[in-house]
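Asks: With these hints in hand, go ahead and build the complete structure from the sequences.
For the record, the sequence lines run as chains A and B. For the first sequence, this note's numbering gives the first residue as 1, with consecutive numbering after it. For the second sequence, this note's numbering gives the first residue as 1001, with consecutive numbering after it.
Simulated from the structure, these hints should not be mistaken for laboratory data. None of these values were measured; they are calculated from a predicted model. Idealized CB from N, CA, C, for every residue including glycine. It is possible that part of the hints are untrue.
Unchecked claim - Keeping only pairs whose Cα atoms sit at most 30 Å apart, straight-line, the calculated BS3-like set for lysine-lysine is:
| no. | chain 1 | residue 1 | chain 2 | residue 2 |
| --- | --- | --- | --- | --- |
| 1 | A | Lys48 | B | Lys1107 |
| 2 | A | Lys99 | B | Lys1054 |
| 3 | A | Lys143 | B | Lys1099 |
As the list claims (entries may be wrong) - What follows is a list of derived Cβ distance ranges for each label pair:
| no. | chain 1 | residue 1 | chain 2 | residue 2 | range |
| --- | --- | --- | --- | --- | --- |
| 4 | A | Gly81 | B | Ala1051 | 40 to 48 Å |
| 5 | B | Ser1164 | A | Ser170 | 46 to 54 Å |
| 6 | A | Pro60 | B | Thr1064 | 14 to 22 Å |
| 7 | B | Ser1164 | A | Glu67 | 46 to 54 Å |
| 8 | A | Ser170 | B | Lys1054 | 31 to 39 Å |
| 9 | B | Lys1054 | A | Glu93 | 24 to 32 Å |
| 10 | A | Leu50 | B | Asn1030 | 56 to 64 Å |
| 11 | B | Val1155 | A | Lys48 | 49 to 57 Å |
| 12 | A | Ser165 | B | Gly1081 | 44 to 52 Å |
| 13 | A | Lys54 | B | Lys1052 | 35 to 43 Å |
| 14 | A | Lys143 | B | Ser1080 | 16 to 24 Å |
| 15 | B | Pro1060 | A | Asp35 | 38 to 46 Å |
Here is how the chains run, residue by residue.
Protein chains: 2
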Amino acid sequence: MLRLTLGMDDVLANTHEKLISVILNDFPTNLTEKDLTAGALKDLLHPKQLAKLKKIINSPGFFTDIEVKKDAIETVKALSGFYEIYIATACMEFPNSFKDKFDWLLKHFSFVPWTNIVFCGYKTIIQSDYLIDDHTSNLQVFKGEGILFTAAHNVRETGFRRVSSWKDVSELFLPIR
Amino acid sequence: MLRLTLGMDDVLANTHEKLISVILNDFPTNLTEKDLTAGALKDLLHPKQLAKLKKIINSPGFFTDIEVKKDAIETVKALSGFYEIYIATACMEFPNSFKDKFDWLLKHFSFVPWTNIVFCGYKTIIQSDYLIDDHTSNLQVFKGEGILFTAAHNVRETGFRRVSSWKDVSELFLPIR
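Replies: Quick look at the structure:
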């Protein structure tokens, strides 16, 4: 069975959407929702704002109420009949997120066993046939075939096969029924 | 640079020693320290005792005061001049240990950056040239070369190159000075 590893933030979870709502509600900013969905936050925010955002991301509870991406649960369930599914999230920069991220996965993706969950820093450590991720930096160091999941921060990236929804993932990885 | 991945429990940390002290102090048992260092706890303890021990391992604070193995810090420091060092610990079964394990690594091995720390379930997910680990189950599913670090639960195992101390690791992996 081939191994398919999935990123968590902005692949399974709508993390960018939560970040936007934090910025619009809690930050003094002239940026609109449209601005914030059109590019990478690291290019749009001031370094001090980025530092504040990182502190918020590392607050206990930040990940608890993040929405699951449309069709993700059903598709991952179907994929697990054909692939060995792993979920790998680069969260070592945010130690206070560990428990919340684990609980979020347990709540929404309980059919992926804990044996197949990975918390890491660099995704170069992932041994897998495929990796679906939203960061080209993760895909560039990955030894298998990387698939880019469309997100605000990667819309202008080329060089990787791209999926923009879980319907796309389904079409790419599942046999025709 | 070749990549060398290190296990944490019973490789960098004297976890078995802490477990023995918990059993001798808090469990009703006739087992002696000698018995407990001669074999695997899963073979020595009653299933109910094992379940109690797993609960204790998953209590916040359990990992905080575990001792570092002799010569581990100096050797890993020296190795990091010659290898890309990763630390991978199979701790997904114990979600309450995540933060304590991270803090323990930060305290004793702060020279290994957070980018190179991995929390996982099965170590088959580790992409590395070498893995030093105390469990043959981890080494059997690993794609690179596995090195067995001697521990009470693996003394009778064969089939892997074995190291019994950090001096052994040093001799095997470091150039002669």
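Asks: All hints, please: hold or fail.
Replies: Here is what the structure says about each hint:
no.: 1; hint: A:Lys48 x B:Lys1107; verdict: 28 Å, holds
no.: 2; hint: A:Lys99 x B:Lys1054; verdict: 18 Å, holds
no.: 3; hint: A:Lys143 x B:Lys1099; verdict: 29 Å, holds
no.: 4; hint: A:Gly81 x B:Ala1051: 40 to 48 Å; verdict: 32 Å, violated
no.: 5; hint: B:Ser1164 x A:Ser170: 46 to 54 Å; verdict: 50 Å, holds
no.: 6; hint: A:Pro60 x B:Thr1064: 14 to 22 Å; verdict: 18 Å, holds
no.: 7; hint: B:Ser1164 x A:Glu67: 46 to 54 Å; verdict: 51 Å, holds
no.: 8; hint: A:Ser170 x B:Lys1054: 31 to 39 Å; verdict: 38 Å, holds
no.: 9; hint: B:Lys1054 x A:Glu93: 24 to 32 Å; verdict: 29 Å, holds
no.: 10; hint: A:Leu50 x B:Asn1030: 56 to 64 Å; verdict: 59 Å, holds
no.: 11; hint: B:Val1155 x A:Lys48: 49 to 57 Å; verdict: 56 Å, holds
no.: 12; hint: A:Ser165 x B:Gly1081: 44 to 52 Å; verdict: 46 Å, holds
no.: 13; hint: A:Lys54 x B:Lys1052: 35 to 43 Å; verdict: 39 Å, holds
no.: 14; hint: A:Lys143 x B:Ser1080: 16 to 24 Å; verdict: 22 Å, holds
no.: 15; hint: B:Pro1060 x A:Asp35: 38 to 46 Å; verdict: 41 Å, holds
When each numbered hint is compared with the structure, a violation occurs for hint 4 only.
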